[in-house]
Amino acid sequence: MAKLREYEQFVGSDVIDELELYAGKLQNVSVQNINSTAVGGGVAEILTRMIPLLKELGVNACWDVIKGGEKFFEVTKKMHNALHGQQVTFTRDEIDLYLYTNEQNRNEMELNRDIIFIHDPQPCALVLAKKSNGNRWIWRCHIDFSNPDLFTWQFLKEYINKYDVSVFSAPSFARKLKVPQVLISPSIDPTSDKNKELPDEIITSVLEKFGIDRKRPIVTQISRFDYLKDPVGVVKVFKLVKKYADCQLVLAGGGATDDPEGAKVLNDVREIVENDPDIFLLLLPPASDIEINALQRASSVVLQKSLKEGFGLTVAEALWKSKPVIAGAVGGIPLQITNKYSGLLTHSIEGTAFALKQLLQNPDYAKRLGENGRENIRRNFLITRHLRDYLLLFLSLITKNEDVVYL
Amino acid sequence: MDNKTANGFRFYTRQNLIFLLGRRAKNLSELLAGIKAVPPMTIFQHTHHYLIQHEHISPEPPNDFAYWITSALQDKLLGEKIASIDLRRYSDLEKIRTELINIVKTAQEDIEGMPHHNSPSGEEFHFMSARSFVFPTKYVANTLQEFKECLEKVSVYSIYFHVFEARFHKKEFDFSLWLSKSLGEEKLAEEFSKLDPYTQTIENLRKTLVKLIMNKLEGNKNGKA
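In order, the protein sequence lines correspond to chains A and B.
Under numbering that gives the first Met the number 0, the first residue of the first sequence is numbered 0, with each subsequent residue one higher.
Under numbering that gives the first Met the number 0, the first residue of the second sequence is numbered 0, with each subsequent residue one higher.
It is worth saying that the hints were derived from the structure and are not from the lab.
Please note that a few of the clues may not be correct.
[Stated by the list, open to error] With the Cβ distance kept under 8 Å, some of the chain B side facing chain A (calculated, not the full set): (1) Q14; (2) L16; (3) I17; (4) F18; (5) M127; (6) V133; (7) S154; (8) H168; (9) G218.
[Said to hold, decoys possible] Sample of chain A residues lacking proximity to chain B, with all beta carbon distances greater than 12 Å (derived): (10) A1; (11) L182; (12) T203; (13) P362.
[Stated by the list, open to error] Only pairs whose alpha carbons sit at most 25 Å apart, straight line, appear in this in silico DSS-like list of lysine-lysine: (14) B/K25 with A/K307; (15) B/K137 with A/K24; (16) A/K2 with A/K66; (17) A/K339 with B/K25; (18) B/K147 with B/K35.
By construction, the Cβ of each residue, glycine as well, lies at the ideal position given by its N, Cα and C atoms.
Given these sequences and hints, build the entire structure.
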């Protein structure tokens, strides 16, 4: 894991100095993070990077994982899907199992740190321990909350309202709650395999591996094969554009082999591709960060034509590589792209095709959008900003509840 | 709070934690209702945060209200009017609120009888607020030369705080006030006050302020007042 000062090269020493300044006010504060898995998934990935940085800053941070059986995690997976908007029904037994597992963990865990930082719905009901301890509790929602299933939302809301503060990733996820809602966007780590600088020969070797011609323009969308990412729409966009501008299309992602819907989406995409040799459908295994990095870096334009999106960190990844991005104006994407300033936001296949033609045929304009985009990510969506927001969040819980806090 | 030294000027920095109000608007009427009801820090957030968030883009996108009216409601005239409110004139957020209300109301009267124009689904305006955390930095100036050197070193967040945010909170953080009261540099203070910081990036503003000081220092060296 990178040390804090290694980020100076990306954000400048003044930003790191200021992080130390804020953390200086939290030296005696202990923060216990709790989630449901130690490895795999975005939450574990960010905690793996965040905890050492918090500790380096002198914050007494730790990370614990709740225990639960297979059935419990089946229930919480269902809950996760429901909060994403899927219609599901829960049996009484399933609800009881969720509450029982939380109760078991409540009894076994020491929940006595100054700040208890709960991530996602799985351990949400641990908050019932709050009353006896008198410490401050945060519930951090990492998932798309724009259209949750009503029953699941009503059930969970009862527990969320017992926290001191809740945290969401995008403005559209805000709900009517009794507790304050803080906006903290996720972030990317510029030192990770997915985002670090790559030697040119690695980029070339990845393209050669997939048979992609580096001399011709490359248009890329990185996402799992999912209807909500609209890969069929992306192929339609490409076909409209290819009549006027030479280019190749790369659709790269995982999630097809063990996911029945993914396999169906992939079939739909294959059907419309019709063996076009300029379209590359790449099913990447889970540990493909270097390949994704190389594909993004080799691209002339990156698309993220999502119809619905959580935060859409693939947009931040592409912008960080100074790529001009055309994306759907959904979820957290408008936070990352200000239309016509740091990328283009579109709403239709025709609009996306028009934007793509513009960028392929006006490389100076495309370059300017890419450079503005990178700067926006550098200032607002790197892990150092995420770290700063967490420090402010902790400070907000131990200082006076005023609009302006002088420290 | 660790305040200014006796006659020196301490530079402060600030960061905001953003709060979501759970209130949204999909048309002009809902936006107006929101502007009337939200806390003052929400008015500040939506008229100022873009200055620091998009600091790197030149020309910068306009404030949140203007950007949304232009891009989501496609009302370029009203967007332009909101974008060009002379925010420099105000040191009271309620007056900015009143100005916003007046402009939006007038626009509504102009389109009275016409159907409501709604933003596309998913592009609603989300009202937010902020809590500002202000920290003293290690930079303290006792002379004009030191002030220039500090100004060159402090973060953009510090400049943002002193130029944009401080006047809504405490006057003692104001550059011009210190230059005139503590250093007797009234002419320089006036030059600082006359700048419109809203129409340039913070880095540009830093360069302009440093240049004004250098001119003054050069003038002092050459024996001018």
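Okay, the hints, checked on the actual structure:
1. Q14: Interface hint status for B/Q14: holds (6 Å vs cutoff 8 Å).
2. L16: With a minimum Cβ separation of about 4 Å from chain A (threshold 8 Å), the hint on B/L16 holds.
3. I17: Cβ of B/I17 sits 4 Å from chain A, so the hint holds.
4. F18: holds (6 Å)
5. M127: Since chain A brings a Cβ to about 7 Å from B/M127, closer than 8 Å, the hint holds.
6. V133: Given a least distance of 5 Å, the restraint on B/V133 holds.
7. S154: B/S154 check passes; min Cβ-Cβ to chain A is 4 Å, inside 8 Å.
8. H168: With a closest approach of 5 Å, the B/H168 hint holds.
9. G218: Since chain A brings no Cβ nearer than about 30 Å to B/G218, farther than 8 Å, the hint is violated.
10. A1: Since the minimum Cβ distance to chain B is about 21 Å, A/A1 lies beyond 12 Å and the statement holds.
11. L182: At about 4 Å from chain B, A/L182 fails to clear the 12 Å cut-off, so the statement is violated.
12. T203: holds (31 Å)
13. P362: holds (19 Å)
14. B/K25 with A/K307: holds (18 Å)
15. B/K137 with A/K24: holds (15 Å)
16. A/K2 with A/K66: It is violated: about 30 Å lies between the C-alpha atoms, which goes past 25 Å.
17. A/K339 with B/K25: holds (22 Å)
18. B/K147 with B/K35: violated (41 Å)
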